[in-house]
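J.: For reference, the chains in residue letters:
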Amino acid sequence: MLKKIALEKLGDLVSALMEKGPLYAPVKGEKAVDFQEITNPADVILDFYNTAMSPKFAFFPQSEDLIRYRLGKEATESEAVSLDAKPSVILGVRPCDAKSFEIMDRHFLGAGIIDPYWNDKREKTTIIGYAFDPSTAADPADFYNTLGISASDTAGSDIFMIRTDKHLLFKGITEKGDRLLKELSVLEAGSKTDEKTFEDKAKKGGEVKTRFMEIQDKAVAGKLVQVFNNKEFWEKATAACISCGACTFVCPTCYCFDISDETLFRDGVRKRFWDACMFTDFTLEASGHNPRPRIFQRYRQKVCHKYSYHVDKYGCISCVGCGRCTRSCPVNIDIYSIIESASKL
Amino acid sequence: MQNPYIPMPVEVTKIVTEVETNDIKTFRLNFVNKEDEENFKYLPGQFAELSILGKGESPIGIASSPTQPGYIEFTVQRAGTLVTGIVTTALHDLDVGARIGVRGPLGNSWPIEFLEGKNVVVVGGGFAFTTLRSLIHYMLHKDNRPRFGDISVVYGARTPGLLCYKEELAAWEKRKDIKMHVTVDKGDANWKGREGFVPTVCKEVGPSPENAVTVICGPPIMIRFTLPVFFELGFAKENILTSLEMRMKCGVGKCGRCNVGHKYVCKDGPVFSFAELDKLPRDF
Ligand SMILES: Cc1cc2nc3c(=O)[nH]c(=O)nc-3n(C[C@H](O)[C@H](O)[C@H](O)COP(=O)(O)OP(=O)(O)OC[C@H]3O[C@@H](n4cnc5c(N)ncnc54)[C@H](O)[C@@H]3O)c2cc1C
Ligand code: SF4
Ligand code: SF4
Ligand code: FES
Numbered sequence: 105m106l107k108k109i110a111l112e113k114l115g116d117l118v119s120a121l122m123e124k125g126p127l128y129a130p131v132k133g134e135k136a137v138d139f140q141e142i143t144n145p146a147d148v149i150l151d152f153y154n155t156a157m158s159p160k161f162a163f164f165p166q167s168e169d170l171i172r173y174r175l176g177k178e179a180t181e182s183e184a185v186s187l188d189a190k191p192s193v194i195l196g197v198r199p200c201d202a203k204s205f206e207i208m209d210r211h212f213l214g215a216g217i218i219d220p221y222w223n224d225k226r227e228k229t230t231i232i233g234y235a236f237d238p239s240t241a242a243d244p245a246d247f248y249n250t251l252g253i254s255a256s257d258t259a260g261s262d263i264f265m266i267r268t269d270k271h272l273l274f275k276g277i278t279e280k281g282d283r284l285l286k287e288l289s290v291l292e293a294g295s296k297t298d299e300k301t302f303e304d305k306a307k308k309g310g311e312v313k314t315r316f317m318e319i320q321d322k323a324v325a326g327k328l329v330q331v332f333n334n335k336e337f338w339e340k341a342t343a344a345c346i347s348c349g350a351c352t353f354v355c356p357t358c359y360c361f362d363i364s365d366e367t368l369f370r371d372g373v374r375k376r377f378w379d380a381c382m383f384t385d386f387t388l389e390a391s392g393h394n395p396r397p398r399i400f401q402r403y404r405q406k407v408c409h410k411y412s413y414h415v416d417k418y419g420c421i422s423c424v425g426c427g428r429c430t431r432s433c434p435v436n437i438d439i440y441s442i443i444e445s446a447s448k449l
Numbered sequence: 003m004q005n006p007y008i009p010m011p012v013e014v015t016k017i018v019t020e021v022e023t024n025d026i027k028t029f030r031l032n033f034v035n036k037e038d039e040e041n042f043k044y045l046p047g048q049f050a051e052l053s054i055l056g057k058g059e060s061p062i063g064i065a066s067s068p069t070q071p072g073y074i075e076f077t078v079q080r081a082g083t084l085v086t087g088i089v090t091t092a093l094h095d096l097d098v099g100a101r102i103g104v105r106g107p108l109g110n111s112w113p114i115e116f117l118e119g120k121n122v123v124v125v126g127g128g129f130a131f132t133t134l135r136s137l138i139h140y141m142l143h144k145d146n147r148p149r150f151g152d153i154s155v156v157y158g159a160r161t162p163g164l165l166c167y168k169e170e171l172a173a174w175e176k177r178k179d180i181k182m183h184v185t186v187d188k189g190d191a192n193w194k195g196r197e198g199f200v201p202t203v204c205k206e207v208g209p210s211p212e213n214a215v216t217v218i219c220g221p222p223i224m225i226r227f228t229l230p231v232f233f234e235l236g237f238a239k240e241n242i243l244t245s246l247e248m249r250m251k252c253g254v255g256k257c258g259r260c261n262v263g264h265k266y267v268c269k270d271g272p273v274f275s276f277a278e279l280d281k282l283p284r285d286f
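Line order of the protein sequences matches chains A and B. Residue numbering for the first sequence is 105 to 449, as defined by my numbering. Residue numbering for the second sequence is 3 to 286, as defined by my numbering.
If you're looking for bench data, these hints aren't it; they were derived computationally from the structure. In this text, all values refer to a predicted model and were calculated from it rather than measured experimentally. Some hints could be false.
[As the list claims (entries may be wrong)] Ranges between beta-carbon positions, derived for each pair:
#1 B/227 <-> A/184: 31 to 37 Å
#2 B/196 <-> A/186: 54 to 60 Å
#3 A/336 <-> B/227: 28 to 34 Å
#4 B/99 <-> A/388: 32 to 38 Å
#5 A/184 <-> B/240: 38 to 44 Å
[To be verified] Some chain B residues near chain A, calculated using beta-carbon distances under 10 Å:
#6 53
#7 54
#8 90
#9 222
#10 248
#11 254
#12 255
#13 260
#14 279
#15 283
Every residue gets a Cβ at the ideal spot worked out from N, C-alpha and C, and that includes glycine.
Take these sequences, add in the hints, and give me the full structure.
T.: Rendered as structure tokens:
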């Protein structure tokens, strides 16, 4: 199904989406563009390259309450926070990020227990993907082509959006997406010409070039196992790293979390929140033993997790080449270059 | 479906201080809800997260055996050398009647089917004997005993006062269907038993590798010196099993904390054979 709306009517579309439930869309902040829950339709912008933070927060918030309780003298009254996400929409997800959701699904839903928190929000959210503008060059940090993703890839989106000179075109990709498109009466039906335009634009997206190297999941996974014990390589590659963890927080495919109790007077919550394998105490045991006390060991864990262990465990690399880690690193460590040089060893 | 992050309520019904240093206690827990008890089906070697609201959760091996219905037991050391362990200290402060939470059972178990029909050599050091105690109770149960070959146990502690489960050790000593070798590094005036380090005793006992499996749990240093003894005796790496420890949080393979290579110790472990460990990166 193809629908469209005139560019100047974006506000109407946003209002219509807001009526359906929480809407997350790109908003210009003080320093960067990021997804936010929209309260004023005029805040939504579509002129941006990519958001600083990834959209994973929509299913995996930075902090999430699991249990709330009151501490008493003897007993403790507690209440498990119920899973009641409202049906929501994320508008403007770039193709690499849309792909990241599928990768995260393999971990949170596809193996072992189903993570109830991820599942609840994921099920109820419709993703409107948004093609990168083919007339703008890819950011030099990006390398999503390497992971087999194009600037107009529809994989992972429920609806895919492409901008033309005068219109926004929307194509239903999944049933969920078609359903939402049908419900949105502010949209007009697309004509045959619009369909042709959509296809042409999508094809153009294929011509956007990011950094690229030929990699094959199994081969790179095996290579990293070989390189694991090459201490000099890892030390040199990560010499500048200050272990700040920024690269993991911005990453759409990093999922490590901590569970911890917080109490204030008699009110307590058990919550889970983002954690990172880059932090010193991530693996510190109560005995004082720490299997990964050095920065190179932790960075090695990060790279090997994404490009080796994840392949063995879930059958795919857990990186989409969005370039965020490289852009946000204060000392310019670049995972692409590390994979590239590891492959050549 | 039960939310795997939400603990089930249990009541502390018995507390035994195991050692003279008072820092190891065994807690008996009874489920508050009958259905939770019925759903908690476990095997020796598995663990659970013990939860104290306001403090946190700790992964602890299940020290009781499924052949002991009605309750579950955990032996907990008050942790921390530099700073005191938050959860384990809070557990140690509990009295009988207190209510806490349990999530589990978690992880794999000692591979019971693999052990069946074989001679089992149980090697333990210090308080890491917990899930081995579970295994011994399990194997000795009259319905299960015929399924296993000879059972022998080497269990050591630094001093007699640091041996856990003293009454059970004494009871097992009297049985004909299990061979006990309890040892201490250094005895005292009342100690009539064996003196010597676990690896040395293993060498003296010299179990045959023929149709045998050994399960080893203890401090890293003990494991390091015990392994070569078993290699020398001719045990293949497939037949030497241990239980790994890594810092954990979720216990269900989601939080990403406890991986060694592509294995999550909380889900794919904690029990591994040394053949399996050989295939993993040295990252633990
Ligand atoms: C599979 C398994 C079985 C275990 N069985 C036992 C047992 O039978 N008896 C026993 O006394 N101890 C056992 N431990 C170790 C025990 O989990 C830690 O000593 C305990 O979590 C320390 O918690 P704390 O809050 O007192 O310490 P803190 O230092 O305050 O730790 C804070 C949190 O970090 C985590 N953590 C810290 N150290 C460890 C660790 N070594 N392993 C896992 N998580 C850790 C826990 O979530 C803990 O709540 C086991 C560990 C594992 C992984
Ligand atoms: S952002 Fe850069 S410095 Fe910070 S942990 Fe990641 S690689 Fe290291
Ligand atoms: S590792 Fe870097 S490039 Fe890959 S998905 Fe994460 S942030 Fe993006
Ligand atoms: S403890 Fe969370 S993955 Fe193992």
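J.: Now tell me if each hint is right for this structure.
T.: Hints versus structure:
| no. | hint | in the structure |
| --- | --- | --- |
| 1 | B/227 <-> A/184: 31 to 37 Å | violated (46 Å) |
| 2 | B/196 <-> A/186: 54 to 60 Å | holds (57 Å) |
| 3 | A/336 <-> B/227: 28 to 34 Å | holds (31 Å) |
| 4 | B/99 <-> A/388: 32 to 38 Å | holds (34 Å) |
| 5 | A/184 <-> B/240: 38 to 44 Å | holds (42 Å) |
| 6 | 53 | holds (8 Å) |
| 7 | 54 | holds (8 Å) |
| 8 | 90 | holds (7 Å) |
| 9 | 222 | holds (8 Å) |
| 10 | 248 | holds (7 Å) |
| 11 | 254 | holds (5 Å) |
| 12 | 255 | holds (5 Å) |
| 13 | 260 | holds (8 Å) |
| 14 | 279 | violated (13 Å) |
| 15 | 283 | holds (5 Å) |
Of the numbered hints given earlier, the model fails hints 1 and 14; all others are met.
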